[in-house]
Amino acid sequence: MDELREQIELLQGSANLATSIDDVQKTIELLTAARAKIETEPHKAPITLATLQSPVKASLEVAQKDLKPAYFGLNKYGKALDKKFKDKPLPTAENDALSSHPHLINRAIAMHLLREGQFSVASTFIDEANRNPPHPEPTPGTPNPYLNDSWEKDLAKDALDSKKLQQHFGAMYHILHELRQQRNLRPAIEWARERSDVLEARGSNLEFELCRLQFVCLFVGQDENGHMTESAEGPFRAWAYARSEFGPFQIRYAKEVQQLMGSMAYWQNIVDSPYRQYFYNESAWEEVALSFTREFCSLLGLSADSPLYIATTAGAIALPTLLKLQNIMKEKRTEWTTQNELPVEIPLPPSYHFHSIFVCPVSKEQATDTNPPMMMPCGHVIAKESLDRLSKGARFKCPYCPNESHPRDARTVFL
Amino acid sequence: MTTPRWLLCSHKHQTTTPRPNNTPPTIEPPQHARTNHSNPLFTMASLTKLNADSHLLLEQPLLRFPHDLSRRNFKTAQRYLENGTKELTTTLAKATKAASKSASPAASLESLDAMIQKMQGMKRKLEGLHEEELRIHKSSKARLQYLQDLYDVQSLDDVKYEDWSQKRLVRLLVDYLLREGYVESATQLAESKGVNDLVDVEAFVACHRIERSLREGKRTAEALKWCMENGQGLKRLGGMLEFELRLQQYIEMVRQGHEAGIGDGVNGLGDGGMSLGSGNGASRLVEARLYAKKYLSASDDFELVGRAAGLLAYRPWDGVEPYASLYSTDRWNHLAEMFLDTHHTLFSLPVRPLLHIALSAGLSALKTPSCHSTSSVPIPITSSSTPICPICSTELKELARNVPYAHHTKSIVESDLMMLPNGNVCGSDELRVFNEKVGTVAGWVRDPLGGRSGEAWKEAAVQKVYIL
Ligand SMILES: [Zn+2]
Ligand SMILES: [Zn+2]
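Line order of the protein sequences matches chains A and B.
All residue numbers for the first sequence refer to the UniProt record's numbering, where the first residue is 1 and numbers rise by one.
All residue numbers for the second sequence refer to the UniProt record's numbering, where the first residue is 1 and numbers rise by one.
FYI, nobody ran anything at the bench for these hints, they're computed from the structure.
Wrong hints could be hidden among the right ones.
SDA-like mimics (lysine to any residue), calculated; alpha carbons at most 20 Å apart, straight line [claimed, not checked]:
1. B/K125 - A/E29
2. A/K86 - B/N51
3. B/K49 - B/K160
Assemble the whole structure, with the sequences as input and the hints as a guide.
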């Protein structure tokens with residue numbers, strides 16, 4: 001990296017066209033001087049012009065010679081690039097599984113822009129994409145992309161035409177803005193309250209977390225719009241708030257509510273009380289904002305982080321392994337993009353795992369719809385096909401413990 | 001590892017399985033893959049370690065493209081300077097000769113003025129190229145700094161890596177938009193994210209102007225001019241673009257000739273028997289023949305050259321192959337594609353957008369058999385504890401349908417899984433926390449998926465699941 005930077009700095013500093021431009025200026029000055037001379041001494045025109053020839057020629061030759069540092073500089077930088085990208089070929093079209101689905105790509109991009117709150121870019125994009133719809137190109141897995149084209153177009157149209165998604169995310173960013181910038185919890189609480197049932201069914205604590213933060217804010221002296229008030233009134237306002245709002249939380253959050261109410265005893269000096277952590281928690285706002293975003297997206301059936309971001313990042317991590325693999329597969333005349341399952345394991349950080357994975361310890365195969373994990377009465381789990389093979393329909397011994405059982409006693413495990 | 005937590009009574013291994021004394025235990029401790037990647041190849045540290053060098057696979061065009069642009073910029077400057085020098089020395093020599101012969105001083109002044117003007121014009125052009133050169137170098141430097149930032153991050157879990165990768169996504173998106181010709185949105189996105197130095201808007205705008213001039217404008221002039229500007233590089237590449245453009249130019253001249261011929265009334269000589277008579281159409285055809293002689297005859301594709309010659313005898317509306325396909329307007333799309341291919345190869349740009357490449361790899365790396373499963377329970381929508389999988393999310397679900405799913409050699413499951421009598425499986429911690437929260441009577445359990453009012457079972461009915 002340092003070598004490349006040095007080369008660029010050289011190109012910026014001196015190895016560029018500047019010197020040659022100066023030389024050209026000098027040539028112009030030679031010509032102008034000659035002109036002035038002929039004007040004052042017209043009769044010497046022939047000799048003036050004759051003596052002008054070789055300096056002009058020399059001056060322009062210098063201009064050409066002065067291009068050399070730039071020429072060498074560019075070459076050297078190019079060589080340094082070659083070195084840096086040695087063994088790193090450009091990914092070829094064989095690694096592209098998606099050009100056959102351009103409408104779905106555009107849909108994913110439109111949704112990404114909307115969820116990132118880039119509303120004006122999104123609308124420009126949707127406009128441009130509608131005016132110039134993309135053309136599908138064949139990929140190793142889909143050699144005839146035109147067959148699906150119109151179906152995909154219809155599917156994508158939904159996302160591209162719909163203003164609904166923008167409205168949703170517009171609402172989300174409004175609430176987030178109120179939370180983060182205005183420290184105003186009210187819109188978020190209203191949103192959560194309207195969806196109380198769904199959120200509770202999901203096991204979400206969002207509504208309570210928001211109300212608890214509201215309680216804390218009141219306690220330390222803010223009013224419900226986030227403005228500071230006479231701080232002595234705080235605890236009383238908080239108490240009144242708890243009385244009117246905490247009712248629905250009594251059962252599910254009995255312990256937490258109790259703690260909050262317990263803090264009232266320390267209202268004069270909360271800083272030194274055991275409840276300090278609830279009241280002076282800088283990250284509380286960011287936490288509720290994140291938790292709100294997660295719930296908001298989940299209710300739309302969307303993941304909280306942009307899938308496009310997670311997938312491209314995972315792709316960049318996976319690519320070195322896949323390209324190495326590609327060289328091996330080329331000899332066998334297959335592409336990784338056309339397989340059912342990747343032939344190698346991609347080492348991704350644990351935060352990139354979203355589903356439980358079951359790999360049968362007997363067959364080493366991943367469970368699928370048709371080959372689900374089965375738990376034997378002993379608690380050990382193997383894939384259904386392994387179970388069938390081992391048992392042949394009769395009582396058999398678990399391969400991992402001495403327990404014997406009949407295959408009909410095994411139960412499908414839903415991971 | 002085998003420490004039973006709060007549901008010890010359901011631990012059937014120890015309570016119901018008698019183990020013969022003389023054989024060593026065959027029970028392996030259950031693996032907790034979520035917290036323990038037992039595959040020796042992938043330790044936790046190696047899973048999160050960032051290898052900046054291998055990340056460069058997607059970054060080559062980022063540095064190559066500006067380098068190629070500045071090389072082309074330099075060559076243009078060199079050509080101007082060479083031509084300017086040649087021109088000036090000849091004019092000066094001529095002026096000197098004229099002056100020595102008798103020309104008036106006024107004439108000498110006049111030719112000097114012309115020379116000064118020429119030189120000033122050249123200087124202005126060079127200054128323009130110099131500005132462009134500095135702009136490109138500045139962006140190269142910004143790109144190097146951007147890559148350097150990656151070398152300063154050690155772990156994939158680092159929030160700095162996330163920032164970096166977010167920026168990369170913006171770049172990949174802008175690049176994709178530019179390639180598709182969505183210039184407006186590309187410009188807006190680049191501007192709003194402040195990545196102008198990291199993307200090549202102008203270069204792509206220029207590229208698409210030429211592509212459209214072919215596809216929509218049905219003109220060869222812009223593309224041919226581009227071929228001239230990049231002559232050296234194209235020669236090295238050895239492609240057919242320029243020849244195909246010349247061929248098209250010829251085809252259009254012949255077409256015009258035939259069409260004008262109808263008006264001339266000399267064009268009705270029947271199949272294949274056309275002679276080059278007089279008139280507007282005919283002279284156009286003669287012109288075409290001269291053009292072909294100049295630009296096409298050097299080709300060693302005799303078959304094609306032969307076909308091209310045959311056009312003079314077959315009119316567009318005759319519909320006779322193999323000539324009709326040369327007259328086809330589809331050729332303009334073919335030329336547009338060819339131009340894009342040539343342009344991208346010349347400037348070391350990948351044939352397909354890098355966004356596609358990164359996404360293809362990412363979809364497969366993340367995809368699991370559950371993502372498009374028709375049988376598994378729809379956990380993602382109902383449980384707050386599991387984040388929705390990006391592949392299952394609406395944005396990517398259909399897109400990922402046809403790519404392979406990831407390969408795993410080890411199960412990845414929550415630790416201490418328990419099976420409830422209804423068949424649902426749940427981590428023991430989650431089960432305990434839920435039941436404490438909803439206040440289930442001691443000794444009983446409820447399924448978190450069933451909610452507070454769901455059925456309750458005796459703890460003994462809950463069974464530990466062993467996933468090896
Ligand atoms: Zn067993
Ligand atoms: Zn999924």
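Cross-check of the supplied hints:
1. B/K125 - A/E29: holds (18 Å)
2. A/K86 - B/N51: This hinted pair holds, its Cα atoms lying about 16 Å apart.
3. B/K49 - B/K160: holds (13 Å)
Of the numbered hints given earlier, the model fails none.
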